[in-house]
Each structure stands twice: as structure tokens, then as C-alpha cells.
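> Fit chain B to the given chain A structure using the hints.
Chains A and B, in that order, are what the protein sequence lines are. Numbered per numbering that gives the first Met the number 0, the first sequence finishes at 659, counting up by one with no gaps. Numbered per numbering that gives the first Met the number 0, the second sequence finishes at 708, counting up by one with no gaps.
Just so you know, these hints were derived from the structure itself, not from any lab. Each residue gets a CB set at the ideal place from its N, CA and C atoms; glycine is no exception. Where hints are given, some of them may not hold.
Pair ranges (Cβ atoms, derived) [unchecked claim]:
| no. | chain 1 | residue 1 | chain 2 | residue 2 | range |
| --- | --- | --- | --- | --- | --- |
| 1 | B | D241 | A | A261 | 28 to 34 Å |
| 2 | A | I655 | B | S495 | 38 to 44 Å |
| 3 | A | F647 | B | A115 | 29 to 35 Å |
| 4 | A | A520 | B | S495 | 40 to 46 Å |
| 5 | A | P208 | B | M299 | 40 to 46 Å |
| 6 | B | S312 | A | K135 | 51 to 57 Å |
| 7 | A | R149 | B | D241 | 54 to 60 Å |
Straight line, CA to CA, 20 Å or less: simulated SDA-like cross-link-like pairs of lysine to any residue [stated by the list, open to error]:
| no. | chain 1 | residue 1 | chain 2 | residue 2 |
| --- | --- | --- | --- | --- |
| 8 | B | K191 | B | L79 |
| 9 | B | K640 | A | A353 |
| 10 | B | K213 | A | E48 |
| 11 | B | K620 | A | L499 |
| 12 | A | K360 | B | E642 |
| 13 | B | K212 | A | G322 |
| 14 | A | K360 | B | D594 |
| 15 | A | K378 | A | M347 |
| 16 | A | K78 | B | N686 |
| 17 | B | K376 | A | L519 |
| 18 | B | K640 | A | R356 |
| 19 | B | K376 | A | A513 |
| 20 | A | K338 | B | D594 |
| 21 | B | K376 | A | L32 |
| 22 | B | K620 | A | A513 |
| 23 | A | K319 | B | N686 |
| 24 | B | K212 | A | Q393 |
| 25 | A | K34 | B | P476 |
| 26 | A | K34 | B | V7 |
| 27 | A | K338 | B | R596 |
| 28 | B | K640 | A | E357 |
| 29 | B | K376 | A | A353 |
| 30 | A | K78 | B | D594 |
| 31 | A | K360 | B | L591 |
| 32 | A | K34 | B | I473 |
| 33 | A | K78 | B | G669 |
| 34 | B | K376 | A | L501 |
| 35 | B | K302 | A | V651 |
| 36 | A | K34 | B | A625 |
According to the in silico footprint, chain B covers these stretches of chain A (three or more CB under 8 Å from chain B) [to be verified]:
| no. | segment |
| --- | --- |
| 37 | 26–34 |
| 38 | 220–228 |
| 39 | 297–307 |
| 40 | 327–335 |
Chain residues, written in single-letter form:
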Amino acid sequence: MKRLITLVFLLAAAVLCGSVSYNTYTVGIGSFLVKSQEAFEPTEVLYGEFLSPEDLFVRDGKLYVADSGNSRIAVLDGKEVSYLAEWEVLNPQGIFVDEKGTLYIADSWSRNVYKYDGRGVQTGVLSRPDSPLYGKSNDFIPLKVAADRRGNVYVLSQGVTNGLVVFNRDGKFVGFFGANEPDVTLRMILQRLFFTQSQKEQLLRIKPPSPGNLVVEDSGLVWTVTTGLTDKAIKRFNVAGTNIYGDLDFSSSDFIDLDIDAFGNVYALSSTGLIFIYDSYGNLLFLFGGQSYYENRRGLLRSPVAIDVAGDGRIYVLDKEDGTITVFSPTAFGSLVLKGVSYYNQGMYLEGEAIWREVQKLNSSFLLTYKVLGNIEFKRDNYGQAFDYFSLAQDKRSYSEAFWHLRNDWLQKVVGLLFVALVALAVFDLVRSVLKRQGKIKPRARAGREIRFRLFRELKASLKFLKNPFDAVYEMKRNGAVSFSTATLLYIWMYVQNVLILYLASPLFVGFRARNIDFLALFYDTYRLLFLWIVGNFLVSEISEGEGTFKHIYIGTIEAFLPILLFALPLALVTNLLTLNEAFIYTFSMQALNAWSLVMLLIIISQVHNFTFGETVKNVLLTLFAMLLLAMLIFLVIILLREEIDFFLSIVQELIFHAG
Amino acid sequence: MRVNRAVVGYAIRIALLVLATVLLGLLLDYEPGESSGTPPVVFVQRPYTFESPVFEKILGNENLELYFDKRSAGIKLVDLRNGKIWHSVLEEADRSLNNVWQAFFSSGVTLEHIDARNTVRRLNSVRDGETGFVDLSSDSFSVAIAFPDVGAAIEVKYTLGVDSLDISVTRVEEGAIKLTSLYLYPFMGASKGTVPGSFLIPDGIGAELDLSKKTIATSPFIARVYGRDEGFTDIPTTFSLDMVTDPERITLPFFAITAGDSAMLGAIAGGDLYAEIQAYKSGIVTPFNWITTRFIYREMYRKLLNKKGEGVSIPQAQRNPVSPALRFYFLDGKNSSPSGIAAKAREDFLRRGLIPSRQFEPVVPLKLEFLVSESEKTTFGRKVHIMTPQSELEKILADVGRYSQRTVVVLRGYTSGGLSTSSPDHLPLERKAIEDISRLSDFYFYVDYLTAYEGSGGVSRARYAQNRSEQIMINGPRFIIDPRETASFALEELESFSKLGIEKFALANLAELAFSTRDSNRTENVEALLETVSLFDGPILYNPNLYMISRASHISDIPVSNSGYLIEDSVVPLLPLVLRESFWLFTAPINLTSDFRRELLRAVDYGLFPGFYITFESSMKLVETASSDLFSTGYESWSEKIEFAYDFVSKALENTLGSRLVERVEVADGIFRNTYDNGTSITLNYNENPARAGDLEIEPLSYVVEVSR
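The shape of chain A in the complex, shown without the other chains (with noise of 0.2 Å):
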């Protein structure tokens, strides 16, 4: 059945507009989403007479709406319009069109998914499995649908968690495909870990969400979208059903629809009117659009349902509320971007090189752009340039390898000279040694000196902490080698150096804006524990019969780090000479400096407090246990501190309200 209306639109060319009503942001040097000029902007607003329309989808220039209050599709073509199905379908929720031009409809009152021809004819029907891997409990109540090449039909079932409902050619149920993995909390796996059986068994199963949308691209690789998920909200399936799409770092808890196109650029809908675009990696390129209940200006959207891209590059989406299509289409800024974008996911470097350079003109803060001009001149072995573009872009995978090049250039010019240098230390100390056997240099006095600032005097005590922990205490307890002032220059050194470390080390290791210090953050991560540990220590010490004063844990405490103390900031600096590919030299010595610093703690306490080991691990534990009392007591202070004040401050502000 198909009826032919012709409908006068409502066309808004594009110089006619008025100014664009959102921001676009992208993400910026640094990682942060910055303003930049607009890369889409609202041309036209399509309205046909639809209520409450649901889905759209674009194919051969021709516009499918799923006019769903009116229980039909359908279909612009220029100026037309025409319906179809009109009336077979009763709620129609979600459509698609195939190459062949097949029209998959997602019905779900009459709960089916209907195919018809090109023409209009009805050619198939999908009901509800019977099959019982399909599962007794689950519904099938069609809210979307895609097909692939092949044939095969993905359907999204209200309710169904197993994944989509999947149909091949002939309409044959073969499975269920793209679940989600459900999210576990940890207050379910607490729940697991203290509950009965009974009282398990109340519980709801937990169950994956479901997604909210799909789509296939034309290479047949199925896409979904699930409302609420952030990070994994967008996903790519392969054909074994395994997610191949990278985690967002910038997305939306709202997504409701999403579209593909050519070039495999993710287009993004969020109900709250955000359209988000990523590049085939999950790299976000733009955000714009926004929503408005009462304003009603072009582009910004009051309850949008679908998206879709057609060939042209133009982006459609349909509101529900309004009944309108907005077309938002790419602008000269716009279009060279995805242009640059399709040459380098195709890893066309090089032919998208002028794009990339016109970019960057246009827009010096658009972060991917370092990338690509990295890429760029990484492969033409300019790694100085890539190293500096890299850096800018905070990519540390391809930093790390274009450092190893420079380093590697570095090292085949030095290699010689290095080797002369050792060969001439190992000749000296051959010489040395043998003029020293034969009495020829006299031994270096050493011992008998004294230091005669106290301080130095103290630092060279805390030394012996390394050597032997157990007189070192003995030292500190009986004769006071250690005092409280040294070791609080210790405690402020602890500060300073990892203030240093963040200024002095690699990136690849501390990360690119590290730079950047919050003092007071920093302040805070460094003495928290260490305010706790001792804190605890000397509380719980005091009445288990420990034999140390609050002095001595204090003082002991920080020599127990000495290691970390003395060897942290030359390993951050030796980073600098380090690949990703290296990077477990930087990690495994920072485990066994805090390893290390750990057995020192532990040796220390059992001498301050003279425990033995059973006693000192007792300690320990009790120990750990009262600082998570104080931190909980702390925290809630602040909390009941916050609340009071904020409490007499609105009294005050109303009664001065009420006054005046």
C-alpha cells in the first residue's frame, strides 16, 4: 500500500539562518574539551505532519520517518512524501532500509517485525521465537532493527538482556548477540559475600542493561548503544560477538541512537540533544547541539529520538515532541576535518598531510592534529618533529617511539665515545689497584672525624637505618642520634621530592600535565597515611604496652623510608632515558623501593615498641585498623561541621529575609 501526498515543507536554506545556537566543543591540548568554531550547523528544519514520530533512517537520498502516532512510515523523497504500511503497522518504533532497498519495521504493539519491498508490498514477518534456547521468560516486544548483507536481521527486544534477538534470511531464530557484561557493584558483591541463601535468593538476579539502540554498518558489523553506560556506551561487535571499540573518554550517560558513516566516523545522539562525533578509534571530534523546551531555535532540540548521516555528510535528527527533522550540515571547517580524519584512519598519512597543516591554521588547539603531523613526520623519520608533536598531542605510545628513535640516534653517535670511557676507567682502576698493591698510594684515611654540624651529624645517623635498622633504633631510643627537627626536614624533604619527581621525571611516567601541581592536593596525598600511620600507631601502641613515645614512632617512621627517601628522585630522572618498552625497570625498582621501605617499617616498630614478630604484626593490623577509625571519625566531623554551618547560615539568610 502506498499513498502519495505531496507535502509543502518548511525549508530554511542555509544563508537565511540565524546564528548557531550552540557551542562545539573538541578536545584540546591537554586533554580538555575546548570551544572551537563550528563544525555542523542547523540548515533546515523537515516537518511532515507526523505525531509522535520514533525512528528515521536515510538511504539513496530517500528520508524513512516512523510516524508512529499515525501508525506508519514514511518516506520523503525531495518535496514528497509518501506513506507506506500504513495501518499494517501499529506502533512503529524502529526502522531500516537495506542496499536492496527492504524496509525493516520494528513494531511494538503488534509485536513483529514487518519487511516489505521497495514498493510497499509486505514480504516477511518476524513474531517471537518459539525456540526454547530463546527462553521462556523473554518477551518480544520490537523496539529496533538492522540487518546485515547476508540477510541476517538484529532485532532489540524491550527487555530482553541476552543481547539482540538474531534472525537469519529465512526468519529463523539463531540467537541472541552484543549482550552487555552486567555491572557489578560493590555493594552486590557484598551482598553476595554476607548474606543467606534465603536472603540471596530475594535478591534480583543481576542483570546486564540492555542496549538502547543499534545500527549496522555496511560492512555488516553490528553497533550498539546503551543508555546509562558512560565510558562503553558505544560498542563495535565483531563477528565472534567481541566488543573492538575502544572506552570513551568523553561521552554521555544518555546516548540514545547512534550512526555510522562512510568513513566509520560515530555519530552520537544523547537525549539531552548533544550530538558527539568520534573517529573510528573512539577519539572524540566534536560536540555540539543542546536542548531547549520553550526557546525553539534552529538547532537546538526539545525531545530527539534518532540520528542518522546521510551520504552527503549531512546529519538528520528527528524530535519526537516537535515532530521536526533538523538537518544539520558540515561546514567548511566541518568538512576538512573529516576529510583529514578519513585519510588517517585509513592511515593515509602523508595524502592527508595539507588537510591536516590547513587544520591546524584554522584551529591550533584541535588536539588530533598534533597527532596525525606526529604521525606524519614520524614516517618520515623526522622524529625530533614527531617527538615535539607527540608531546603536544600527550600521546604516549607514539611519544615513547619516536624517543626511542632519538635515543637510539643519540646512542649510535655517543656508542664510541662511551666505550673509549669505559675502557679508560677499567684501565686507570687496573693501574690504581696495582700501584695500591704495591704501597705505592696510600689508603685514605677515614674514620676518627667528627661533624660538627648536628644536623649532618643526624643525617649521616640515619644512614645506619640502611645498614642496620636494629642499632640504628637502639641509637635514636638511647642516645637520641636522630632528632625530632631532622626528621621533620626528612618529612618536608619527602614533600620537596615529589614535587621534583613531577617537575624532573618523564612524562611517559608521570604523565603530560603533571607539570600542572596542586600543591595542596599534593600536600595532602603525601602526609595522609603517614599522618594516620602514626597517629594510629601511637594510639594503639599506648595501650597495648608498646615501649616507644610518640617521638620515636615518629622519627622511625620517616627513616623507614628512607629508601624511598633517597632513591626515588635519581629513578625519576633516569626516566628521562627510558622507553614505554623499559618501563618495567622504572616499575619493578619503585616496588622494591617501596618494598623494601615496608620491611624497614616493620623492623623499626617491633624495635621501638621492643615487640617481637607476633607482637609487631598484631600491632600492625590493629594499627591499620584504627586508622580507618580516625578516617572515618575525620570524615564525618567535616561532614557534621559542613552541614551545622550551612544550617545557621540559611536560618540567618531567612531571617534577615523576613526582617527586611
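Just chain B, lined up with the frame of chain A:
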């Protein structure tokens, strides 16, 4: 002694108890939304049935006749030149309207006030009012409209001119109500359904609402003249990504209705600071097309009670000092086109001294703004990036001088420490960038006395402006300074500037922002800002509001579009049509837009000269500064494009200098033809494909000029 202490203790306890009880009592007694004072009057709405108005001729001249209906205070104006009758009230009952709308459309005057529950109620002159003549002369008369139920009354004066009618409110008495707003002849020139004709509103550059097209919009056009009053807007306490942009501003207070070969221009001659333009097209609420001005006496706002943003909605305590006055011009024939209407508006503004009449050198100018330096926050203090040292600036200008007949140069960020640490104190100069100030005396120095980053220039918190909710007001990332403080900041510096030989300035924000503050209204603040601006001689202003326009030498950042409301059908360049003959009008920086070619074409179309915002260094250096929104300013990237832009615009506009645009028509989809009174016509093609218009072949995104010899 012991007893005494106990007694004192008891006394203190009892006193505390009493105090607590009183406090509690105050709180319990309090009802949200109710402020102290006299209890509002409860009044019962009168019943209403439609009656046709009975018009009586009161005034007349050779062109116009004015009729008046006493019952509704409605008027009818007959234009004798073309026989057009302009109605201001419903003449026949309309069954598609309910009683509320029927009464509203049948009234010449409608007052809005709030009742005890802070909901808005209307008093219609036809239903609730009693009209009586006060005064009558050969060209004017006055009436008093009383609303006896509430004791309110207003007096309205009507003056008939050769082609105009002035309607002004000369007296307002509130009686027992709290007046919030006034509609003055809202139905004037209204029509029903889709009819030939349009509404014109200077929203941004100007918008046309085509009445012959059905609208898909569901909301009317509602916008305050000179932009929203931010003094009544809460500042959000939580962060959210700023997605929706502000609508464009209405800088010229007028609206117009065209109907066939006649038109009516409504100039808001009084109360413009408190005027709101409303436009409804058929299908939005009622089947009528109507456009009007609402004058606001009291604004509703949220009084914040705590930091979380909870509060109560209350009306402004003091009434705004509004003197509503509308001047309707009735135009016919050629004058009823948008350019004719704009010319009339211009004439009106000239007559009132709001815009100057000037002669220009016949050259096409180019405006370049330069960012001299900007600072970046580092871990330890700030680092200054010299973006355009003087030597490079001079080289750039020498380069531009090859082709530009006249270059207007504005310098920003010349202050020691860069742009974001400047304002409201702009001196001393950044010596690392500026070697010889004497060579810069021809340039305009950008100063901002109205906004500042927190802490910059050592502004104490008391000097910042607070909104009615007593929050410090912001403009983007910057704080707004109390308008009454701006003059002192400017005065402090002007002498030092003068010693350096700097006499020319570009003023930021002073001419654009109009707002109320915690303890002063829009009028007082605008007066303070006017006082500050008057300290400067011929500054460059950025898209100024009408009351500031006459102070400008040149105007920049003219918007090239309207707000894009769905109800708006197309862009009509009203703003340049009114201002072009008095000022050099420049575009906002073209290098920061997304479509260079289209932007240039718009400049040619609207008669705007190109403006750019340039740095010598690449804008990459600004990424981590407060000027990170300057994403593309490097001269190296733009030098060729600036030359192209100048060439593109000057080749067209050099033929139109000193002449007036008389007609602008869309000859085909995306093809516009502008005809000037010197016979020159420019045909522009906004399409991506080549186009033909008559025997003209026009390249995509280009134009063809035809000069009459």
C-alpha cells in the same frame, strides 16, 4: 554569692529559651513568597462578553485619521494616502478565542500585576477599565483609564503627526496592586491566519517573520530590548558545560509590520530599557499574528536563601522608572519595504539625536585587532607570552599597507603581564613588546572598565556588581564591576594614557551590557556607563546599544545573523541599514569563524567591512592561557586570506560607498540582489554551485557587481 550565680544561670537560660521561641515563631509565621508589608488585595475578575467597539473620530490631518473607542480604549487609524486601516482591537467576536484572549485583544491597554500567590493577573481596559477624556487639542488628546476594582489608573496621551502617531503613558497609579507590566496596543496591526506581510525585528542583525508562511514554531518570539537583564538572573552554583549560546541582542528598539504596500514602524520612544518585544504568529496560542512591546515595571526573580541555590520567587520591590512611549510611523509604497522601514527608523533616531549624521572618506577600511601579549598561569606565578611585538606589528601593517586603503588598528593585551591580567587597570605597558609608544599613537587601545578576572588589578570585592540575589555578577569567566565604579577607574588612567600620547580607545562591554544590580536599576546603571563612555573621544564600540551609539566613531562586531528562533524565517540586515551611513561597520573577527568565504559574502551583502583578530606568533601559544578561545590568529596562517578578504569585500563595496541600499531581493534560491541608490547592484550567490540570475553567471559563494554608468 552562690544563689546569685544560680539566678544568673537561670536568667540566661530563660532568655535563650525566649529568644529561640521568638526565632521559631518568626520561622513558622513565615510563608514563602510573602514579603512583609501590606497584604495584597484580593479581587474578583469581572465577567466579560464581547461587544463591537464604537469608534469616534478624534484627530485628523491630510494623511491620517485617528478614531477612538471609549469602552475598550481602542484606536483605529486610517491612512488616507492608501486607504489602509490599522486596527488596534478586535472588531468582531472571534470564536476561536477564549474569553481571556478575546478580552486581551479587545483592549487598548492591559496591565499585569501579581496577586497574593505571586501569580500574574491581567487587567484589561475593556473589561476592568473605565476610560474618560482628560484633554483634547487639534493634534493631541489624553485619556485617563481607571481600574476602580483595584484603585489603579493610567493616563495615556495620543499625538498625531504627519505620518505618525505618538502614544505615551504620562501617569501611572498602582493603587492597591503591584504592577508588573503594561501592554500598549498589543493588537495594533494584527492579522489572522497566513496573510501577505511580515514582522520585522532587529534581533541581531535583523529578522523577518513571514506571515505568508505557516510556522512550525511552538513558541513566540520574546526578547528584551538591549538583552536580558542579568541582574535578575541567578548564577548557577554548579558547573555544567556551556552548550547553548545566548541569543543575539536587540540593539535598536523598534519593530515593524508590513502588509502589502503599507507598513507600520513601531519605534519604542520611551521606556526602552524596560521594553520587551513579543511576536506571535498564527498557530502559536491563537490564530492571530500580533507583535507588541511589553513594558516591565517589576521583574520576578529568585531570592536565594542558601548556597545550594534554594530560594523563593518574588517581585522586585521598587517599581522600574518606566515612561512607556511608542511612536508608530505609517508608511506606504516604496517606503514600506525593509529598507524603507530602516530608513524611517534611522530618520527617527537622527531626529532624536541618537545617531549622528556623518560624511566619510570614500575608502574601504580594514580592521585589525592585535593581541600584544597574554599571560599563562604556571606552577610558580605567571609566564608572559609576547604574541605580537611592536617590530612585528609594524612589519605586518607595512605588509597590509600594500593593499589596504585604510587600516583601523586596535591593540589588546599591551598591559604589562598580558591581556588577562589587565582591566580595569591597563597600565603600565608591557615593555618586552612595546619599544616606542610614540609610534602607536594612531592606534586604538582596547580597554575594559566593566569586567575583570577575579583579583586582577586589585579590585576589591565591594567594587564588583551584585545581582538581586546578591551574587557577584559574571560575564563569561570574568566578574562584572559595579557600573558606578567604572568612571573612577577610567579617570584614574586617562591622564597616564594621555601622557603616553594615547588618545584613541576601543571600549569593551560598556556599550553592550545593560543590567540592574542589587541596589540600582537599569536606568541608573546605564547612566553611570554613559558617564564613563563620555570620558572618551570617539571610541570604537562593539555592537553598542542605541543609547551609546552616538558616542562611537566606528562600530565593530556587527552580528551577521539573528538568534535563529524557529519563528524567524529569514535574515534582514536592519542594523546595517540603519547605521551604515553614520559609521564604518566592521564584522566580528572573521578568522574565528567556521566558514571564511560565507562570512565574506555576508559582509558584502550587509555592507560590513572585514575585521580580523591577529597575533604574530601562532595561536598555539595561547592554548593554556585565558585567551584559549583564540584558536586561529597567527598572521602567517592568515596573511594571504586577509589580503583576499580585503580584495573580495572592497571590489564590491567600493561601488556603494556613500550610497543607500534601496532594495534587497532574493531572486532565486540562495541568490540575493542588492540595489543601491547610485544604481549599483550586487548579486550574491550563497550556493555551493555556480548559478545564473538573468544573464549573470555567478561563481559559488561569490558575487557580481553591476555599476550603472
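> If a hint holds in the structure, say so; if it doesn't, say that too.
Going down the list of hints, with the structure as the test:
no.	hint	verdict
1	B:D241 x A:A261: 28 to 34 Å	holds, 32 Å
2	A:I655 x B:S495: 38 to 44 Å	holds, 42 Å
3	A:F647 x B:A115: 29 to 35 Å	holds, 31 Å
4	A:A520 x B:S495: 40 to 46 Å	holds, 41 Å
5	A:P208 x B:M299: 40 to 46 Å	holds, 42 Å
6	B:S312 x A:K135: 51 to 57 Å	holds, 54 Å
7	A:R149 x B:D241: 54 to 60 Å	violated, 46 Å
8	B:K191 x B:L79	violated, 23 Å
9	B:K640 x A:A353	holds, 17 Å
10	B:K213 x A:E48	holds, 13 Å
11	B:K620 x A:L499	violated, 25 Å
12	A:K360 x B:E642	holds, 16 Å
13	B:K212 x A:G322	holds, 18 Å
14	A:K360 x B:D594	holds, 14 Å
15	A:K378 x A:M347	holds, 11 Å
16	A:K78 x B:N686	holds, 19 Å
17	B:K376 x A:L519	holds, 17 Å
18	B:K640 x A:R356	holds, 15 Å
19	B:K376 x A:A513	holds, 14 Å
20	A:K338 x B:D594	holds, 16 Å
21	B:K376 x A:L32	holds, 18 Å
22	B:K620 x A:A513	holds, 19 Å
23	A:K319 x B:N686	violated, 31 Å
24	B:K212 x A:Q393	violated, 53 Å
25	A:K34 x B:P476	holds, 14 Å
26	A:K34 x B:V7	violated, 66 Å
27	A:K338 x B:R596	holds, 19 Å
28	B:K640 x A:E357	holds, 12 Å
29	B:K376 x A:A353	violated, 33 Å
30	A:K78 x B:D594	violated, 28 Å
31	A:K360 x B:L591	holds, 11 Å
32	A:K34 x B:I473	holds, 19 Å
33	A:K78 x B:G669	holds, 17 Å
34	B:K376 x A:L501	holds, 17 Å
35	B:K302 x A:V651	holds, 14 Å
36	A:K34 x B:A625	holds, 12 Å
37	26–34	holds (count 6)
38	220–228	violated (count 0)
39	297–307	holds (count 3)
40	327–335	holds (count 4)
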